[in-house]
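**Student:** Work the whole structure out from these sequences, hints included.
Protein chains in written order, with the working numbering: chain A, 1 to 496; chain B, 1 to 483.
Don't read these hints as lab results, they were simulated from the structure. Note that the structure is predicted; figures quoted are calculated from it, not measured. Ideal Cβ placement from N, Cα and C applies to all residues, glycine included. You may find that some hints are simply not true.
Once the Cα atoms are required to be at most 25 Å apart in a straight line, the calculated SDA-like pairs of lysine to any residue come out as [as the list claims (entries may be wrong)]:
no. : chain 1 : residue 1 : chain 2 : residue 2
1   : A       : K168      : B       : L288
2   : B       : K361      : B       : Q293
3   : A       : K168      : B       : Q365
4   : A       : K431      : A       : W410
5   : A       : K454      : A       : V469
6   : B       : K361      : A       : E110
From the derived model, a few chain B residues whose C-beta atoms are all more than 10 Å from chain A [what the hints assert, rightly or not]:
no. : residue
7   : C21
8   : V109
9   : L424
10  : L460
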Amino acid sequence: MIFGLPVISVTIWLPILFGVLVLATGDDKNAPLARMLALVGSVLGFLVTLPLYTGFDITTSNMQFEETHNWINRFNIHYHLGVDGISMLFILLNSLFTPIVVLAGWKVIEKRVAQYMAAFLIMSGIVNGVFAALDSILFYVFWEAMLIPMFIIIGVWGGPNRVYAAMKFFLYTLLGSLLMLVALIYLYNLTGGSFDILDFHEVAIPMQAQILIFIAFFFAFAVKVPMFPVHTWLPDAHVEAPTGGSVVLAAIMLKVGAYGFLRFSLPITPDASHKLAGVMIGLSLIAIVYIGLVALKQADMKKLVAYSSISHMGFVTLGIFIFNSYGVEGALLQMLSHGFVAGALFLCIGVLYDRVHSREIAAYGGVANKMPVFAAFFMLFAMANSGLPGTSAFVGEFMVIMGVVKVNFWYAFAAASTLVFGAAYTLWMYKRVIFGAVANHHVAKLTDITAREKLIFAILAVFVLGMGVYPLPFAEILHVSVNDLLLHVTHSKLAN
Amino acid sequence: MNLMADLIPAGAEIFLLVMVCVILIVDLMLAESSKIYTYSLVMLTLLGCSLITVGTHTQGVAYAFHNMFVDDLMSDVLKLFSYIAVGTMLVYSRSYLTVRGLFTGEFMVLTLFALLGMNVMISANNFVTLYLGLELLSLSLYAMVALQRDSAVATEAAMKYFILGALASGLLLYGMSMLYGATGSLELGVISDAIKHGVPNKSLLVFGLVFIVSGLAFKLGVVPFHMWVPDVYHGAPTAMTMLIGSAPKLAAFAFTARILVEGLQPLVNDWSGMLIILAIASMALGNLSAIAQTNLKRMFAYSTISHMGFLLLGFIGGGVEGYGSAMFYAVIYVLMTLGGFGMIMLLSRAGFEADTLNDFKGLNQRSPWLAFMMLLLMFSMAGIPPTVGFYAKFSVLNAIVQTGHTWLAVLAVLFSLIGAFYYLRIVKLMYFDVPQSHEPINLAPDTGLLISVNGLSMLLLGTMPGMLMSVCAVSVQQSLLLH
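**Tutor:** Take a look at the structure:
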């Protein structure tokens, strides 16, 4: 309870409320007010999520902070919210990133400031709703509503090819979602009139139906993750989105896909999940190896990080579909870590882009001479992206590989190659951009990062290093919920 | 006493008819510059009708005029929404029509006659009443489309509308006469009973059904009887298009529900197969053709075709779920259409129609509020939550999945995906592109308020859709299935 209001509802509606307020400041005459209001709203939005962490009970896998109200009685749809170890940390992650993107867009965004800030605040609330919803229709509403602000962000403040990217992003994700909707309605009729996700977890489903439901969910979630071969929207969306948009896409949006697999696919269709695990592992390994190679040859920094995201998310899906606790916990830690690292890398690219207005690697060289502090931060995040021990990325990747070794050595062998490729493309990019002699007069005119940018990077650096050195506070939250999930998945749900 | 029992259920219609006659005479006395009095009188009439409709509401079902006419919950709800739709249309179109010299007494009287036709259709319990209501509505609409006499496009549209409409009426009448031949009655309930007890000539019955369904399909504007829709929507003055596209769809829903569900329920296996074909064809052709349009009114026309296809899915679902969802869909569709055409009229000026896609370019820079309202309307039409359009689609999908037509649901969502593209394109034009004209948008206070209410209602009904859903379900249950 915060001031007598239920915590989760506050984490959802407070940012949305502030978003509406920011929107009400009107046109760009009031831009300073809009920025201030957005910052206050986003910081408050983060602070109100803290009770979720401090009040969390790590000994139970039950839903916590639950809220249930009747919503649409006709279809027995409830406003049902709650978090467990799987979802809780993502609400914090999402709310942490909102002030960061507000700060990142502080100076850069000059036209329609209020709309920009409002879009991020509203999206932040909606994404919290996605992670907290326990009624599938409520989940679906948040899930789809999330697309609208992102569509606007990419399309209005994006790069030259923004319209194509925004359309592709929207329609791609909508395709998956609509199939999921049919699956949800089917499940509703199967359970005899409940849309509650926890009821879906219990209902018996014949094999053929399970496979069809699994495929419908697969379309919805795999597009979001994104998994090979439905990943092609991501490089476009990332490249064209403004820095803040890329950060939220990488840090948050990709996570809802993987979260969907854990919340829906695995517990609702365990038999189909086992049956089709081979396919999922295959697709994940393709993403890890093939997309890693694709990343190696990118000339555009944002594209490179985008492909690196797909490759790293391959790790996550791999961890999920080997069904052991190392794998799933590793996948979740990898998701958190990737949020910090990919978010930070996009911010680094944003810093360079704001100054030089180019994302081409070839347009840079010798940046370290002009921006030593920036180079140091960038170094840390680049190392983290290559999975260096001591950074957050190592923990998740190591655990997933450990889990995979138990299943099949050659899978693990292929997966571990990502450490080599990851180091190769990240550090090679770093070398070309940062080291060497000053490449041209644009680089010569660079000035080092400002206090505002230092603050952003410092926050992220603390998390990257902190989680790398001492992951226990994160891991202990996951533990019980993951074990319960895995126990659930071992029980067959074929009609009995 | 007996007379009163007949008059009370039809109170609203009688009041409406009296008022139309009064307005017709009053309007003759008024100078061209004081049409605002006629307009006020029309608004008062709508208000009066609403009050009478609510006031004469009784629990259960009341029949009048030897079962020719029925007053039940479904008809009351649909009538109320028709009044709202017609009132909204009048408010939106006042300044639009004034600058075009069309804001005349004839326009308003014809509108009310059309409304009377719809009311009669909604409350009909007999083929004769149904047909009379339909013709009253149709003839008024033909005349309204042709009201702009100096416009060649409008005249052409009126001609096409009239000829194809007459053909459809012919088909319908032919079908009705066959059913009469087979069952010996024109009353819906009696026909239903007769078929249940078995008729000697089943083939005559099914033959009649084919004609009836074709006639209905014409009036709904579903493929392959859709040819009139784009031309009429495009050619008619936008105010008339708005009228054609909105309230009559409610009447058409009632019409379809009364004939197919109340009258021909025993033939459900025969007609639902036909509807499946009509629905799939409409969703496919409507959505695919809408992509190619550059004119917004034509785009809305094709989008209407696809929406009507989707609505038919509700009838295929059947039961309270199915018919209730179809009714909900019809009501929501009307609200969205009103907003969409309202926006075209708001952006139009004297001598300028804002009916091409390019006219919406950069609207966010010219008026962020209007752009936001249009965004809500477009996302609602595309069926994206949290707008109410989603719940309309959701309830229909639920109905068809429940009856085991999951494949049909998958097909329907795939076509919705195609549909989402052209609605998104409008959002794209408004938000991502630069404006082509910087002409200031003059927003009268009444239209400004109305478009805000209309746009925000998408969001508001989207957060609380349960009430309206239940109203639709209950009224369908009371009206169609309990006798």
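**Student:** All hints, please: hold or fail.
**Tutor:** Do the hints match the structure? See the list:
For the given pair, K168/A sits about 18 Å from L288/B by alpha-carbon distance, which is consistent with the 25 Å threshold. Among the hinted pairs, K361/B with Q293/B is consistent with the structure: their alpha-carbon atoms are about 15 Å apart, no more than 25 Å. Distance check on the hinted pair: K168/A and Q365/B sit about 24 Å apart at the alpha-carbon level, within 25 Å; holds. In summary, the hint linking K431/A to W410/A is not supported, as the alpha carbons are separated by about 32 Å, beyond the 25 Å threshold.
For the proposed pair K454/A and V469/A, the alpha carbon gap of about 22 Å is at most 25 Å, so the pair holds. Note on K361/B and E110/A: the hinted pairing holds, with a Cα-Cα distance of about 21 Å set against a maximum of 25 Å. Every CB of chain A lies more than 10 Å from the CB of C21/B, the least distance being 42 Å, so the non-interface label holds. Separation of V109/B from chain A is adequate, the least Cβ-Cβ distance of about 40 Å exceeding the 10 Å criterion.
Distance check for L424/B against chain A: the nearest CB is about 6 Å away, which does not clear 10 Å, and the non-interface claim fails. Non-interface status of L460/B relative to chain A is upheld: no Cβ of that chain comes within 10 Å, the nearest being about 14 Å off.
In the structure shown, a violation is registered for the earlier hints numbered 4 and 9, in ascending order.
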